[in-house]
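Single-letter residue listing:
4 protein chains.
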Amino acid sequence: IMSKGTVVLAYSGGLDTSCILVWLKEQGYDVIAFLANIGQDEDFEAARKKAESLGAKKVFIEDLRSEFVEDFIWPSVQANAVYEDRYLLGTAVARPCIARQQVEIARKEGANFVSHGATGKVKKTRNFTCSLKNIYIFLIPEFYNRFRGRTDLMEYAQKHGIPVPVTPKAPWSMDANLMHISYESGILENPKVRQVLNVFVGSPCLSLSGKHGVGRIDIVENRFIGMKSRGIYETPGGTILLKAHLDIETFTMDKEVRRIKQGLGIKFSELIYNGFWYSPECEFVQHCINKSQENVEGKVQLSVFKGQVYILGRESSKSLYNEELVSMDVQGDYDPCDASGFIRINAVRLREHHRLQGFSSTKQ
Amino acid sequence: IMSKGTVVLAYSGGLDTSCILVWLKEQGYDVIAFLANIGQDEDFEAARKKAESLGAKKVFIEDLRSEFVEDFIWPSVQANAVYEDRYLLGTAVARPCIARQQVEIARKEGANFVSHGATGKVKKTRNFTCSLKNIYIFLIPEFYNRFRGRTDLMEYAQKHGIPVPVTPKAPWSMDANLMHISYESGILENPKVRQVLNVFVGSPCLSLSGKHGVGRIDIVENRFIGMKSRGIYETPGGTILLKAHLDIETFTMDKEVRRIKQGLGIKFSELIYNGFWYSPECEFVQHCINKSQENVEGKVQLSVFKGQVYILGRESSKSLYNEELVSMDVQGDYDPCDASGFIRINAVRLREHHRLQGFSSTKQ
Amino acid sequence: IMSKGTVVLAYSGGLDTSCILVWLKEQGYDVIAFLANIGQDEDFEAARKKAESLGAKKVFIEDLRSEFVEDFIWPSVQANAVYEDRYLLGTAVARPCIARQQVEIARKEGANFVSHGATGKVKKTRNFTCSLKNIYIFLIPEFYNRFRGRTDLMEYAQKHGIPVPVTPKAPWSMDANLMHISYESGILENPKVRQVLNVFVGSPCLSLSGKHGVGRIDIVENRFIGMKSRGIYETPGGTILLKAHLDIETFTMDKEVRRIKQGLGIKFSELIYNGFWYSPECEFVQHCINKSQENVEGKVQLSVFKGQVYILGRESSKSLYNEELVSMDVQGDYDPCDASGFIRINAVRLREHHRLQGFSSTKQ
Amino acid sequence: IMSKGTVVLAYSGGLDTSCILVWLKEQGYDVIAFLANIGQDEDFEAARKKAESLGAKKVFIEDLRSEFVEDFIWPSVQANAVYEDRYLLGTAVARPCIARQQVEIARKEGANFVSHGATGKVKKTRNFTCSLKNIYIFLIPEFYNRFRGRTDLMEYAQKHGIPVPVTPKAPWSMDANLMHISYESGILENPKVRQVLNVFVGSPCLSLSGKHGVGRIDIVENRFIGMKSRGIYETPGGTILLKAHLDIETFTMDKEVRRIKQGLGIKFSELIYNGFWYSPECEFVQHCINKSQENVEGKVQLSVFKGQVYILGRESSKSLYNEELVSMDVQGDYDPCDASGFIRINAVRLREHHRLQGFSSTKQ
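If you read the protein sequences in the order shown, they are chains H, L, B and A.
Its first residue numbered 1, the first sequence is counted upward by one per residue in the working numbering.
Its first residue numbered 1, the second sequence is counted upward by one per residue in the working numbering.
Its first residue numbered 1, the third sequence is counted upward by one per residue in the working numbering.
Its first residue numbered 1, the fourth sequence is counted upward by one per residue in the working numbering.
No incorrect hints appear here.
Because identical chains cannot be distinguished in the list, a pair is counted as satisfied if it fits within a single copy or across any two copies.
Below 20 Å or equal to it, Euclidean Cα-Cα: the simulated SDA-like pairs (lysine to any residue) are:
| no. | residue 1 | residue 2 |
| --- | --- | --- |
| 1 | Lys-169 | Asn-190 |
| 2 | Lys-169 | Arg-148 |
| 3 | Lys-299 | Ile-217 |
| 4 | Lys-192 | Gln-301 |
| 5 | Lys-57 | Gln-101 |
| 6 | Lys-192 | Lys-299 |
| 7 | Lys-58 | Ile-105 |
| 8 | Lys-4 | Gly-110 |
| 9 | Lys-318 | Val-193 |
| 10 | Lys-291 | Gln-78 |
| 11 | Lys-291 | Gln-262 |
| 12 | Lys-192 | Val-300 |
| 13 | Lys-291 | Tyr-278 |
| 14 | Lys-306 | Ile-217 |
| 15 | Lys-291 | Pro-75 |
| 16 | Lys-108 | Gly-358 |
| 17 | Lys-58 | Trp-23 |
| 18 | Lys-318 | Leu-356 |
| 19 | Lys-291 | Arg-258 |
| 20 | Lys-159 | Phe-143 |
| 21 | Lys-58 | Ile-162 |
| 22 | Lys-49 | His-160 |
| 23 | Lys-306 | Gly-213 |
| 24 | Lys-4 | Lys-58 |
| 25 | Lys-291 | Ile-260 |
| 26 | Lys-291 | Gly-263 |
| 27 | Lys-318 | Glu-283 |
| 28 | Lys-306 | Ile-240 |
If you are wondering where the hints come from, they were derived from the structure by calculation, not from laboratory data.
Let the hints inform the model, and build the full structure from the sequences given.
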């Protein structure tokens, strides 16, 4: 029988991707399993063995932690990337990291397809628009008509000798990496229902801040495809980095550059969230933000205390802060008469506006 | 001797405005003292007596707390107004509230001038560009050449029978109202120096959240006039309101309206900060933001815990959240095939981009 | 045989929609033909007879010219709506006008479906995302697999007694209304090829400006779906209105309001182009723009001369122009000293910037 | 007598700067006259002799035409820089070019001051905020109190042997360079009054397009300082360049990059207009715009015909235009089913919006 080609499957070791692996083989594909280590708490060797036992042609387990931090987390921090004022994009920023390596493996191995474990639901696939050689085989009818829910997967697993988890499934799904943990779906889909406290296990890498509950949020967000969904996120490391960066940035960056850059950062956040990391506009925005960071360096002292990140002080050789200028006790270079002029000129326009509205127009 | 006219002076009861009161009289003005109650912790009656004893023609002490909340804090919360990603504008938003009443008194009393206690330094006056009949007499040379620092004020006070504070002046200045307390200048002008802990006395009105240290920040910000300055702020009530509003807004507002409104909110924040509350553009932006809030209503459950505000859940009759749509277990109205199409169409542009760059352009 | 329901078809009288009408009947639908008069040059009575003879259950020919101008062209002019700096949206702005009436007829007639004549190509359908009860039956495989090109349509027409045009089809397609004429596709798809001169027949309603060739452009634009396409447009009336409006707007609108409104106008243009007229964000933006127009009124004198629209002068009772203030020969309210202060304060920030870069920082 | 220092004066040869030259010497300064050739029609040698005869220590006449085009006009064209939708910034973009050279001469000659010929009115000086060693001596009271109008200048000239123009002064002022000619003030200050036709003499360098009246506008614009003023501009070369660039840019630039860049271009225009060419934000924006231009190259064919610039066609090796994709007659890579999905997903959000508003929510 002739193979339909080789698929590089982003494999997690769980029920879903295990079923997918077997099903893909059933459909006539060769499957290469790929598992990225981006800091999640995982028994990688067990996952390897499972993939092999299920018939994976090859298994790649790769440590992407450094490049995740350097190529994806840093740029997000530099952008002060926050989606819809709250979400620090911990999951969204990991996807292009995984996808890049997956495509790389496909190239090296001569695979024709890449795939991932989103079981026919749109919301998880949104961030893959970027991967350019992706075939969304899990959006094809043969698959989603076959597997309409967890029960179908369980039955399929039992039939094909795929180990079925013995512990009951958590009533939500979880996604963890170096930067954050997210919880969503299941019982969390009811936006009114209070989260079960202590759901947070702490992010694996930054356990101190995790222990303190830094960066925990419960939000409803707007997905790319236009629906609202609820997510609970814990981003201890990311929150600290963001706050520290924000502080040193304002300390060293010109005010007007900052305003322009702030708008670009919001755009960048939307692009990351919507899965457009690998797009010309994202590349462009990232280039611009990079430029803005040239002088953004320094030291921020902060305390993590009772779930809060407090900035205590900052210093930088690139500071634009002028202590002498700001002082209330030193006249310095500053002429109060200039301020009068500044105020009066700013008011020229306001005076005309009020003149039109029938206000008296006495000189200020 | 003929009076030069009547000045309505924003009087605080402190050393500076007491000296100003006396000095203005000395210069030939009649002075009306005006003290606004916007929630600060103050002995208003003592201030009244002091102003009278120093020669104020009249003293107005007015309770502006309700209108401060309704006309100024609410609009800021609706705008999610945050200046430079961090400052909730507690001081900036109080100024137009005070100024409005001050101008109103001037009108009723037939006064020609309004004035305030900024002693010749620009940074405090920035927010007054708005008051249209203001004469910045404290930016005139006669005054600022006379009073070049605290020592001059102390000497003047002693000479003119103005009570001099017996307790040593705090090594920073403080500004408090219903919404927040700010600390700045003095030893805080060194941005590197860690704040003395326990500086926070808690906001007078929202003592619960104040006790928990909600909304404490230490920042360097960009002033309107282009200098950077450091401020330490505690905005317990404002922080809770902002977080709750942000939550219910995302829950009830269309995604794309939200994006546009977010940009307008940033603009609004800058306008408030720069003292342009009473400007055509601020009026315009406020009108637009109002419109966006038509359906923003609901109930947010939150906990204030260890200095953090955690959202626990939300509900609203105007919610755009569709639990059925978002569910991973229900297919509902949602056709996976639509998602394929959406992804492919979004990729049309990306494929052309990569085609140009010499990538292979296999169909997704 | 039971009807599958009633379709209100946007009928043009041409080959395509005639075939569609017949095909829809063949598929079991009742068809109501709807032809909107938005100022195009058309034999409406001939079209009515044709539709009736092809089996339309009812034919509606409605004069929408007034509402097209008032509800769609005016708002676009107020927004200074120009897509990608050049296209005045003459076709895009007509679609929601037609769609609104079509939906209205469907409602009155109890029809279940609306449809239009886009023959399976995405680019024409982009602007219909708005019509909420639309079923895109022409994107369904049965149709687009049946009709893959003009030849299929011609054959089908001959077989079903649909009159086939005797004159050869123009080597491009054309769309005309009160506001503009557009030419695209066919030989124009080659972006390098110079348009055949005298292609312009002049817009039907504004023949004077049309005669002068006002508002002719040849552009490549970005479609919503991410492809670039070429269009040649002639918008004589729209161009004159836009230029006149732009002039009186700047004359009467505050500078800073104008800046904010300019951004909203660009957003509005994109929304119109992408077919989101009936969306919450478009409604929101339109509301904001409306607000900005409160004082935008006056008289603009202009000449249409050799293809150009020249503004000659303007006047308005709402003008914010202050001739006295601007005069170089009158000192007026204007104190040169204020300007010095304004300049110096604006330079505070620049001086700090240069200080950091090692420039000497002598006072200005 | 000791010199107060050396001033590099931007000298035009006219009455104003001649008086200034003499007055500066009178005040005790050494004066270096500097006249930049940026393409204006001028008898440079006559100006040199005049400056020398009036006592200039040195006279520099420098040909800046190449650098004006390369360092200032090109970047503006790349930004599609248009202020307030109409003004192509011909004067504003020349100022930083002149200022740069002026500062350079001051550096080389060891001069302490630079100055220019704005006679005490703010509007002309706005664009000099950038030059960091400027002293606005013409905003100092000694000067503006001395010269309150043209009559004072005429008298002063006669008294000091400065040649007085024999021809009557034009009833407006004019500023010309390679890129444009502007006319303002005088009788033009009445915004209602129609310009005298044939005022245009044609731009010196691009006389063909000038002859055709390309790029003539009569506008009211908002000055930096908040007043509105009227200007009549003729920018033949700039208009052609802008239109050609706009065309090739849309042809070769990704749609979403274009949107972001459009916003940056508007910002850039405001910065140029307000005199912030040499500011960190302008440098930043220029860097970003540069990046966006990487692939913007190609050939645009256009005709200049009856005052209009018509694009006839364009080609580029970097084109993102895909003729096959856009064609209505070729199915190609394009699947109509994708379009259905795209439309439906885009409507998810709209459906929820209408659901809330009580509309029926039948599936599209």
